[in-house]
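Under mature numbering (1 follows the signal peptide of the UniProt record, and there is no 0), read the sequence shown as residues -20 to -1, 1 to 167, first letter to last.
It is possible that some hints are incorrect.
As the list claims (entries may be wrong) - Derived pair list, reagent style SDA-like, types lysine to any residue, alpha-carbon separation capped at 20 Å:
id, residue 1, residue 2
1, K100, V4
2, K112, Y163
3, K42, G55
4, K61, V4
If you're looking for bench data, these hints aren't it; they were derived computationally from the structure.
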Amino acid sequence: MGWIVFHSMCLFLFVFPSWASSLVPLCNHDDSSALLEFKNSFSLNVSFIRKKCEPAYYPRTKSWKNGTNCCLWDGVSCDTKSGYVLGIDLSQINLIPFSLHNESDFTLPNLLGLSLSSCKLKSFPSFLNELKTLENLDLSYNQINGRVPSWFNNLGNGTLSSLDLSHNLLTSTGNLSHMNISYIDLS
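Make the full structure from the sequences, and use the hints.
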(Lines of atoms letter the chains of each structure in order from A and count residues from 1; the text may use other names and numbers.)
(Lines give C-alpha, C1' and ligand atoms only; values in the text may rest on other atoms or scores of the structure.)
Protein backbone atom coordinates (compact mmCIF):
# COMPACT_ATOMS: atom_id res chain seq x y z
CA MET A 1 0.00 0.00 0.00
CA GLY A 2 2.83 2.41 0.90
CA TRP A 3 4.45 1.68 -2.47
CA ILE A 4 1.29 2.79 -4.32
CA VAL A 5 1.02 6.00 -2.31
CA PHE A 6 4.72 6.76 -2.88
CA HIS A 7 4.47 6.23 -6.64
CA SER A 8 1.24 8.21 -6.81
CA MET A 9 2.94 11.12 -5.05
CA CYS A 10 5.97 10.91 -7.37
CA LEU A 11 3.70 10.87 -10.40
CA PHE A 12 1.79 13.88 -9.05
CA LEU A 13 5.01 15.80 -8.33
CA PHE A 14 6.38 15.21 -11.83
CA VAL A 15 3.20 15.55 -13.87
CA PHE A 16 1.49 18.45 -12.08
CA PRO A 17 4.22 21.07 -12.65
CA SER A 18 4.36 20.33 -16.38
CA TRP A 19 0.55 20.33 -16.61
CA ALA A 20 0.25 23.60 -14.66
CA SER A 21 2.90 25.33 -16.75
CA SER A 22 1.08 24.30 -19.92
CA LEU A 23 -1.84 26.50 -18.82
CA VAL A 24 0.33 29.60 -19.31
CA PRO A 25 1.35 30.30 -22.91
CA LEU A 26 5.00 30.55 -23.81
CA CYS A 27 5.88 34.18 -24.47
CA ASN A 28 6.73 35.23 -28.00
CA HIS A 29 10.54 35.60 -28.19
CA ASP A 30 10.46 38.97 -30.00
CA ASP A 31 8.01 40.35 -27.43
CA SER A 32 10.23 39.14 -24.59
CA SER A 33 13.28 40.84 -26.15
CA ALA A 34 11.34 44.08 -26.65
CA LEU A 35 10.19 44.05 -23.01
CA LEU A 36 13.74 43.48 -21.74
CA GLU A 37 14.98 46.36 -23.91
CA PHE A 38 12.16 48.49 -22.53
CA LYS A 39 13.09 47.53 -18.95
CA ASN A 40 16.72 48.46 -19.58
CA SER A 41 15.70 51.90 -20.89
CA PHE A 42 14.73 53.25 -17.48
CA SER A 43 15.61 52.87 -13.83
CA LEU A 44 13.51 52.85 -10.70
CA ASN A 45 13.71 55.20 -7.76
CA VAL A 46 14.39 52.42 -5.24
CA SER A 47 14.66 54.76 -2.24
CA PHE A 48 11.09 55.91 -2.87
CA ILE A 49 9.91 52.30 -3.09
CA ARG A 50 11.60 51.39 0.20
CA LYS A 51 9.94 54.32 1.99
CA LYS A 52 6.46 53.29 0.88
CA CYS A 53 6.74 49.58 1.81
CA GLU A 54 3.43 48.89 0.09
CA PRO A 55 2.76 46.10 -2.41
CA ALA A 56 1.68 48.65 -5.02
CA TYR A 57 5.22 50.05 -5.03
CA TYR A 58 6.89 46.69 -5.59
CA PRO A 59 9.03 47.06 -8.70
CA ARG A 60 7.11 44.82 -11.10
CA THR A 61 10.04 44.67 -13.48
CA LYS A 62 12.05 42.73 -10.88
CA SER A 63 10.52 39.54 -12.29
CA TRP A 64 11.50 40.47 -15.86
CA LYS A 65 14.51 38.22 -16.50
CA ASN A 66 16.08 36.87 -19.65
CA GLY A 67 15.37 33.19 -20.19
CA THR A 68 12.06 33.23 -18.33
CA ASN A 69 8.53 33.20 -19.72
CA CYS A 70 7.44 36.84 -20.03
CA CYS A 71 3.79 35.76 -19.79
CA LEU A 72 4.55 35.04 -16.12
CA TRP A 73 6.18 38.43 -15.47
CA ASP A 74 4.47 40.88 -13.12
CA GLY A 75 2.52 43.49 -15.02
CA VAL A 76 2.50 41.56 -18.31
CA SER A 77 -0.51 39.81 -19.83
CA CYS A 78 -0.39 37.59 -22.90
CA ASP A 79 -2.76 36.03 -25.38
CA THR A 80 -3.59 32.55 -24.08
CA LYS A 81 -3.07 30.89 -27.46
CA SER A 82 -0.32 32.79 -29.27
CA GLY A 83 1.75 34.01 -26.31
CA TYR A 84 1.88 37.54 -27.75
CA VAL A 85 2.06 40.32 -25.17
CA LEU A 86 -1.32 42.10 -25.08
CA GLY A 87 -1.00 44.26 -21.97
CA ILE A 88 1.57 45.97 -19.78
CA ASP A 89 0.73 47.49 -16.40
CA LEU A 90 3.65 49.33 -14.82
CA SER A 91 1.56 51.78 -12.85
CA GLN A 92 3.04 53.21 -9.66
CA ILE A 93 6.58 51.98 -10.18
CA ASN A 94 8.13 55.47 -9.93
CA LEU A 95 10.28 55.51 -13.04
CA ILE A 96 13.34 57.63 -13.46
CA PRO A 97 13.01 59.06 -16.99
CA PHE A 98 12.95 56.96 -20.10
CA SER A 99 15.94 57.03 -22.36
CA LEU A 100 15.34 54.38 -24.99
CA HIS A 101 18.46 54.40 -27.11
CA ASN A 102 16.59 53.52 -30.27
CA GLU A 103 12.90 53.90 -29.56
CA SER A 104 11.92 52.71 -33.02
CA ASP A 105 13.19 49.26 -32.01
CA PHE A 106 10.60 49.06 -29.23
CA THR A 107 7.75 47.30 -30.95
CA LEU A 108 5.09 45.05 -29.55
CA PRO A 109 2.93 44.42 -32.63
CA ASN A 110 -0.04 43.05 -30.66
CA LEU A 111 -0.06 45.30 -27.60
CA LEU A 112 -3.62 46.39 -26.77
CA GLY A 113 -3.21 48.02 -23.36
CA LEU A 114 -0.51 50.02 -21.60
CA SER A 115 -0.65 51.60 -18.15
CA LEU A 116 2.15 53.91 -17.06
CA SER A 117 0.02 55.66 -14.47
CA SER A 118 1.85 57.29 -11.54
CA CYS A 119 5.30 56.71 -13.01
CA LYS A 120 6.62 60.28 -12.66
CA LEU A 121 6.77 60.74 -16.45
CA LYS A 122 7.50 64.32 -17.46
CA SER A 123 6.76 63.99 -21.18
CA PHE A 124 5.01 61.70 -23.62
CA PRO A 125 7.32 58.77 -24.46
CA SER A 126 7.76 58.85 -28.24
CA PHE A 127 7.79 55.03 -28.46
CA LEU A 128 4.01 55.22 -28.02
CA ASN A 129 3.84 56.26 -31.67
CA GLU A 130 5.22 52.82 -32.60
CA LEU A 131 2.38 50.92 -30.88
CA LYS A 132 0.06 50.39 -33.84
CA THR A 133 -2.59 48.19 -32.18
CA LEU A 134 -3.00 50.09 -28.91
CA GLU A 135 -6.61 50.28 -27.68
CA ASN A 136 -6.18 51.43 -24.05
CA LEU A 137 -3.60 53.89 -22.74
CA ASP A 138 -3.33 55.16 -19.18
CA LEU A 139 -0.80 57.92 -18.49
CA SER A 140 -2.72 59.43 -15.57
CA TYR A 141 -1.13 60.83 -12.41
CA ASN A 142 2.20 61.69 -14.00
CA GLN A 143 3.93 65.04 -14.41
CA ILE A 144 3.51 65.33 -18.17
CA ASN A 145 3.82 68.99 -19.05
CA GLY A 146 2.90 70.86 -22.22
CA ARG A 147 0.91 70.09 -25.34
CA VAL A 148 -0.31 66.74 -26.54
CA PRO A 149 2.05 65.92 -29.46
CA SER A 150 0.68 65.93 -33.02
CA TRP A 151 1.59 62.25 -33.52
CA PHE A 152 -1.02 61.39 -30.87
CA ASN A 153 -3.65 61.61 -33.65
CA ASN A 154 -2.17 58.43 -35.14
CA LEU A 155 -1.85 56.58 -31.85
CA GLY A 156 -2.87 52.98 -32.35
CA ASN A 157 -3.65 53.68 -36.02
CA GLY A 158 -7.18 54.65 -35.03
CA THR A 159 -7.76 51.66 -32.73
CA LEU A 160 -7.40 53.65 -29.50
CA SER A 161 -10.70 53.55 -27.62
CA SER A 162 -9.70 54.52 -24.07
CA LEU A 163 -7.29 57.28 -23.05
CA ASP A 164 -6.58 58.55 -19.53
CA LEU A 165 -4.37 61.63 -19.30
CA SER A 166 -5.91 62.91 -16.08
CA HIS A 167 -3.87 64.59 -13.36
CA ASN A 168 -1.06 65.84 -15.57
CA LEU A 169 0.09 69.37 -16.42
CA LEU A 170 -1.22 69.56 -19.99
CA THR A 171 -1.45 73.01 -21.54
CA SER A 172 -3.27 72.00 -24.72
CA THR A 173 -5.24 68.97 -25.83
CA GLY A 174 -6.29 70.31 -29.24
CA ASN A 175 -5.00 67.30 -31.15
CA LEU A 176 -7.33 64.95 -29.29
CA SER A 177 -10.53 66.48 -30.68
CA HIS A 178 -9.98 64.72 -34.02
CA MET A 179 -9.72 61.27 -32.48
CA ASN A 180 -12.65 58.88 -32.22
CA ILE A 181 -12.19 57.68 -28.62
CA SER A 182 -15.06 56.21 -26.59
CA TYR A 183 -13.50 57.03 -23.20
CA ILE A 184 -11.21 59.96 -22.50
CA ASP A 185 -10.26 61.53 -19.16
CA LEU A 186 -8.38 64.82 -19.18
CA SER A 187 -9.34 66.03 -15.68
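Going through the hints against the structure:
1. K100 / V4: violated (32 Å)
2. K112 / Y163: holds (18 Å)
3. K42 / G55: Holds: K42 and G55 sit about 10 Å apart, inside 20 Å.
4. K61 / V4: Holds. K61 to V4 sits at ~9 Å (cutoff 20 Å).
Hint 1 from the earlier list is the only one contradicted by this structure; the remaining hints agree with it.
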